[in-house]
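The listed protein sequences correspond, in order, to chains A and W.
According to this note's numbering, the first sequence is numbered sequentially starting from 1.
According to this note's numbering, the second sequence is numbered sequentially starting from 1.
A portion of the hints provided could be inaccurate.
Computed from the model, here is a short list of chain A residues facing chain W with C-beta under 7 Å [unchecked claim]:
hint, residue
1, GLU69
2, LEU71
3, ASN215
By construction, these hints were calculated from the structure, which means they are not laboratory data.
C-beta: ideal position from N, C-alpha, C; glycine also.
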Amino acid sequence: MMDYWRGYPVIDDATPERDYVGLRGPDGAPYLRGAVPRDYSTDPPEMFAPSDMPVIPESEWDARIDEQEQLKSSLEHVYLSESGDSPTFVNLDQNGHGYCWGFSTGHALMLARLKANLPMVRLNPHATCAIIKGGKDEGGWCGLSAKWARENGYAVEGDGPGQWPLHSRNLKFDTPELRAQMKLHRSTEEWVDLTRNVYDVDMSWQQYATALLTNCPCPSDYNWWGHSVCAVRFIRIEAGSYGTLILNSWKGWGRHGLGVLRGSKARPESMLSIRSTTPSAN
Amino acid sequence: MLRKASALFLLLALCLPAFGQKKAIPLKVEGDTVVVVRSFPCKVVAAPGADLYVWRVPSGVKASDDEHELTITSAPEGAHQVTVQTVTTNFELIDGKVKKTVVKDRGTIDVVVGKLPGPTPPGPDPKPPGPEPAPPEPRPDAPFAAPGLAVLIVYESAELAKLSKGQLNTLYAKSVRDALRADCFKDDGNRNGAWRLWDKDDDPKDESKMWRDAMKVKRESVPWVVISNGKTGFSGPLPDAPEKLIDLVAKYKPKGGR
Chain A
1 MMDYWRGYPV IDDATPERDY VGLRGPDGAP YLRGAVPRDY STDPPEMFAP
51 SDMPVIPESE WDARIDEQEQ LKSSLEHVYL SESGDSPTFV NLDQNGHGYC
101 WGFSTGHALM LARLKANLPM VRLNPHATCA IIKGGKDEGG WCGLSAKWAR
151 ENGYAVEGDG PGQWPLHSRN LKFDTPELRA QMKLHRSTEE WVDLTRNVYD
201 VDMSWQQYAT ALLTNCPCPS DYNWWGHSVC AVRFIRIEAG SYGTLILNSW
251 KGWGRHGLGV LRGSKARPES MLSIRSTTPS AN
Chain W
1 MLRKASALFL LLALCLPAFG QKKAIPLKVE GDTVVVVRSF PCKVVAAPGA
51 DLYVWRVPSG VKASDDEHEL TITSAPEGAH QVTVQTVTTN FELIDGKVKK
101 TVVKDRGTID VVVGKLPGPT PPGPDPKPPG PEPAPPEPRP DAPFAAPGLA
151 VLIVYESAEL AKLSKGQLNT LYAKSVRDAL RADCFKDDGN RNGAWRLWDK
201 DDDPKDESKM WRDAMKVKRE SVPWVVISNG KTGFSGPLPD APEKLIDLVA
251 KYKPKGGR
């Protein structure tokens, strides 16, 4: 039976695999994934510059989490800031292609725009993934989509000129107009490759907590899940036990697309953090 | 005498400059300007010659495009930003090989839809002369031009962990977001209130002129806040508590509205 924390489903070390793999949505469609472990032979550590970020020490985590609750100042609160604690946008839906590795970055870009109070646009990560993979339904890792987000930007979902239709992999939509529109939605500041310190796992966890405690969304890949999602908030589930609130790209999953990862399940193998995105009027 | 007069006239005629047909000289106004549209349809014209023109207008503005010309048929009153992106593809034969280059350009113009005062028509009973009207109230400079209350907060996203707890809380507290949403003016580009929270290195070239100007306001440090209501405003360090920022912004709320 699935555990719940404040209405969010919880996945931890005791959660059976059947509760997070092979699931289907309310419409019966399967929930797909698509994250593959980073191949360091093709994506070496030098792919990104090392992360040099000041960190919030663990001794301050509880006080900061308590303040976020008191002031409703976390990215979770920003996301659920419509009346009745409703989400400001419906979570993106990747199904049915294994493009989670593009959707985690897409969610991060939308949350970064929301945080900056930029006009809402609904991004379409299918464009990014289809173009990178030549139209094929193939897995990847969040670093690939983040690199694309930095260099090219993300497309807007839609059927108009310069937009990319929902769930399409047809490269005919990769037009000069699309590329011009993509440029309006790029990541401009990131902490990248938070896993670079592969021999210092504790530092990576501190960096991850710092990014989330300062409201910087984190595209994150989990090998145990074969899935990539966007981490939204660093939370305390109970005294001394921390986890992350994640935004999934599965339609109808969790509470507004949100769920909790706890224990070893909360620690991703690949992660980065998007701090800001292109200030654009649309 | 007449012969002398004729000769003089002929001499003058030869010396007088020849006045040809007048031609219109294109002019442009430089500085802090906007384009005001009084009636529709109106046209926004880009330079011809590109291979592709992609026009974008805000929702609520009705327009149709024909290559380098955009015809606006209706738009609500207020400020609207029109953008065009162009793509030009060139092919050159170099050393027997065809080389393709693609040039992308962008143009932006702010268009204001509204009424301008026309000339006062002469009436049968012109107003009798009265006392001199009072001089306009002096207006201290606003940090940037704005049609209502607008707020820009600038910070360094790489240094968020170094901010005081008070400053970090001020950036993200729900009470601040709610106050800004309620008090700042709203239009197509600012539906949740005219306020922004930007990294100091963000380039707002794809934002409206108002926000581009707001970002240019000089800052001595970060985090920094710039407030304008179009008449007056504030520019200084971000207060270190949410309620202090809310109180500061409230001072510049235009009386009787946004």
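Q: Against the earlier hints, flag every one the structure doesn't satisfy and list their numbers going up.
A: 1
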